[in-house]
Amino acid sequence: MQQGWIPLIPESASSFSWKVDALFFYLSGVTLFFALLISTVMIFFVIRYRRRTPYEIPRPIAGSHKLETLWTVIPFVIAMTMFGWGARVYFEQFKTPENAIEVYVVGKQWMWKLQHATGQREINELHVPVNRKIKLIMTTEDVIHDFFVPAFRTKADVIPGRYTTIWFEPTKPGRYHLFCAEYCGMNHSGMTGSVIVMEQRDFDDWLSGNIGSTTPATAGQQLYQTLGCASCHGANGEGGRGPNLIGIFGKDQDLQSGQKVRVDEAYIRESITNPQAKLVMGFGPIMPTFQGQVSEDQMVQLIAYIKSLHGTGESTPTVAGSPSPAARPGASPTRNIR
Amino acid sequence: MKPIESFEVPPPPRVNYINATYGLKSWLLTRDHKRIALLYLGSITFFFFIGGIYALMIRLELLTPQGDFLQSTTYNKVFTQHGIIMIFFFLIPSIPATLGNFLIPMMIGAKDLAFPRINLLSWYIYMLGGVITIYALLAGGVDTGWTFYTPFSTTFSNSYVVATGLGIFINGFSSILTGLNFIVTIHTMRAPGMTWMRMPLFIWSHYATSLIMILGTPVIAITILLLAFERLAHVGIFDPALGGDPVLFQHLFWFYSHPAVYIMVLPSMGVISELIANFSRKNIFGYSFVAFSSIAIAVFGFLVWGHHLFVTSQSVYAGMIFSFLSFAVAIPSAIKVFNWTATLYKSSISYDTPMLYALGFIGLFTIGGMTGLFLASLAVDVHVSDTYFVVAHFHYIMVGGALMGYLGGLHYWWPKISGRMYPEGWGRFSALVIYVGFNLTFLPQFVAGYLGMPRRYHAYPPELQVFNVLSSAGASILGFGMLIPAIYFVWSMRYGRHAEPNPWHLPGLEWRTQSPPPTENFEVTPVVTWDAYEFAPREETEVVGKFRPELERI
Amino acid sequence: MASHATTAPEVHGHRALQHHFENMEQQREAGTLGMWIFLVTEIMFFGGMFLAYTLYRSFYPMAFASGSNHLDITLGAVNTGVLILSSFTMAMAVYFTQVGKQRPQVICLALTLVLGLTFLGIKAVEYKSKWDDHLIPGRLFAGNPFDPVVAAHGDEDPHKLHLLEGATVKQVEMFYWIYFAMTGMHALHMIIGAGLLTFLLIYSLKGRFDPEYHSPVEVIGLYWHFVDIVWIFLFPLLYLLGRHYLH
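Protein chains in written order, with the numbering used here: chain D, -5 to 332; chain S, 9 to 562; chain W, 3 to 249.
Think of the hints as simulated: they come from the structure by calculation, not from any bench.
A few chain D residues facing chain W, derived, Cβ under 10 Å:
no.	residue
1	Q270
2	K272
3	G278
Here a beta-carbon is modelled for each residue, glycine too, at the ideal position from N, C-alpha and C.
My request is simple: use the sequences and hints to build the entire structure.
So, in structure tokens, the structure goes:
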């Protein structure tokens, strides 16, 4: 990073980082303009109209509605350009794209635990391929943390009991800082790490050199059996005394109360920890709570398993990790080992 | 042009509020708003220096990237306590409880605040809160950050959260009582002829501040109460493990703590309006716009708390609404800056110390306010929130804004408060030192923040060291600059030149009585027949464009 | 406050006039406005708890209904009546002070105080039954954790917690926490109010108030009405909402 000169902005390494920078430069320009304008005018007045005799009284000026209108409307218009621009880029930053590679992140005092959909686990490091959209699904075991990668110009709080997501598309291979940006206790400043962006081929090599752990979806399948979910939801999630789980992710579910709910990470989590909260239409409150029996890591695995259950008649989990090769023809098949 | 009537230097004032009665009891049981203001002045100065020592410890630690001067636990306590002391025990009471307390009755021609006993009570409450907080700091300190975010503060922190919270809770009532007293006083105690549109802008801004105090402070009180119960009894209101919502705390906290920023800066804006008008001997340009922009800031200030939660999994659309409102609240502040600048046009500007602070304020507040727009702007905020960019921004508002106004006001009214003049040369010199030191401290932090340095970090990547070294160097200059006024104010109380009743030759009511004022402020209740800042007869008022001044005075 | 001997003699030299006011009218106006502003701060103070109530009720409607149904609606309704009656006697006390009738003024103040204490007594009975049913949330009292007996289907025992479909004991604990926070804070205000009434009663017996100086009665009356109004909101929110789930 240091090349004999000191950088004033961080490296720009994601698909929207330049957009944030562009807005930043616009804001800086406006700030500089007004700061200079005010100071120049002020310094000019201070010198030009300095007190020359001790008892002089200048002629009073009451004010001017025209000027007041002018300097109400112009700042407002400028502020609205900033608002619109900022909102547009923000919308893009938080509109999760389809077909992103999913990585599960669990924060914990004071480390980041990450797991790829293909099973590789990492601590305080994240390896991702360049020019691919990466989506992080994040939660925490204890306090609030914040996943912050300055080079990607993105961050999001990681909140206990919730899933937050961010996404980015790295554009430049390299090693970038990863910080925890929300104060989380004693070793907050030690909760740092790196995001390593690699060429696709290097990433594939890295992936194949790091086999060993099961994918979250497979681990979730095992949990599904050991926790006894299969006795009600069916051996492969096809349903029984409990509702069907195949192909429900991302769809709307009709509830007993007559409402609808979108099946997402938060809903699955709630249904496991607090099954009575949102009962599916046609099913009674017979499921016991699993609060305290499922760790955050396991919760993520169960969610990954349910996500992997597609409605196309398959009874075994498809290979985890969207996008599937079919969805992205250009993707390398080695990503989907096992 | 008719010169303002100049008083002969009077014989040493006969009986004034300082020498009316003697003894510790006469001070500790006083109901005189001026004496209570002095009690506050002493106590907030004490807290300011404690907070300042913490600040210097932070900057010392951050000289090197490794985090070698303090342990991380100590560092966490130091920055937490710096924030708590400076915000709750210095900035929030600073101008209202000292200058406001002293001057509001004098400026509107009243003998005292409406509830003198409540005023004294508010000082005792403040001191009680302060003592409990100091106890918490000495007993082991608190390490949650001044924001007390749950569930860290309720479940995970091993420090004196409840004791500190109790101190802040109690201190809040002091703020509520002060605000209540000010509003009632301004409504019911104005002298004959002192109409709303004749009030000095200092009064307007304190009126707006008091609105925030009475509407916002109870919310932080109940929030801290719930937090303490959660920590003691684990009932689950903020604990996700028990079905609670940790983000609810953040909403409640910022519902007060964002408007609290305006509690800090609005009184300072009032001081600056006084200084700009009086030291350029000119009525303020667009009086009613400046007055009502204070009220607008107070009202809008309650609608923008959500901009602290742009990255806290708040819905994208809520983010957009809060972003929009945050831009809207910038407009009244911009109006003030433009009007202050326009007031200088064709005026008669003196270079006395208070004016230097006022001019410095305008520059620093412009930067502080404009960088606020970076944070209101959603996409940029995602990158810079919780970094040193935010730290730099709010120090530009709170130190560059609130503290500059406080020091400017203290110099300006020092002759009235103490009956003595401060040394002008030293005053100008220290204003310059503080200005330079301040900018050197906080400008580099904007860059470090955009580069990604997170706040509350005790060790940081080595490539950011250069900015931290610059910042620490600036902090030492700033600290040195702060010592100078502390020394010469104390010196001047005994050795300063005796002040005339009206040393600056100004029309305000507070200058139409002796320095220091008598206990009852005025010999007879004044009757006001002039506007604020009326240096020259009204008939001479120049009309710009089609503007008619009588419209300005509804 | 006669400590300031320098004060010029006032035109309206009422003995209760404080030195820094011009006349009784100004003093009364200041006192009343001060109380109104104080009540605004009280609204904001309770507002934080009302927000928490709203939020968690929308999170866990069935649990809130279950908890609410367990409250004693008869005692709650009686208490509502007691408070409304006390507001009436308070208003009459203010009226009799304004017209300068000391005897009815004393009687009304005493009645208000008695009614206020009645409310607190009934509230204590209610709290006691919650204690017996192990409904005190959190771990404030080590010997009595939140551990109600959940009633089986068809069991009508009023001391057991009847959980509605979709509610858990954990969430009912949240309801009880909010119930105790809100009614406890309200009861604290009632206790303070009773103290203020005692002070008024003593002063009133001594004949300190007259038509020109009645603002303490008026101002404390405002406070009393405010505390009543808070209860008027608490009663339906805590006791009544969710009743329909019973049928």
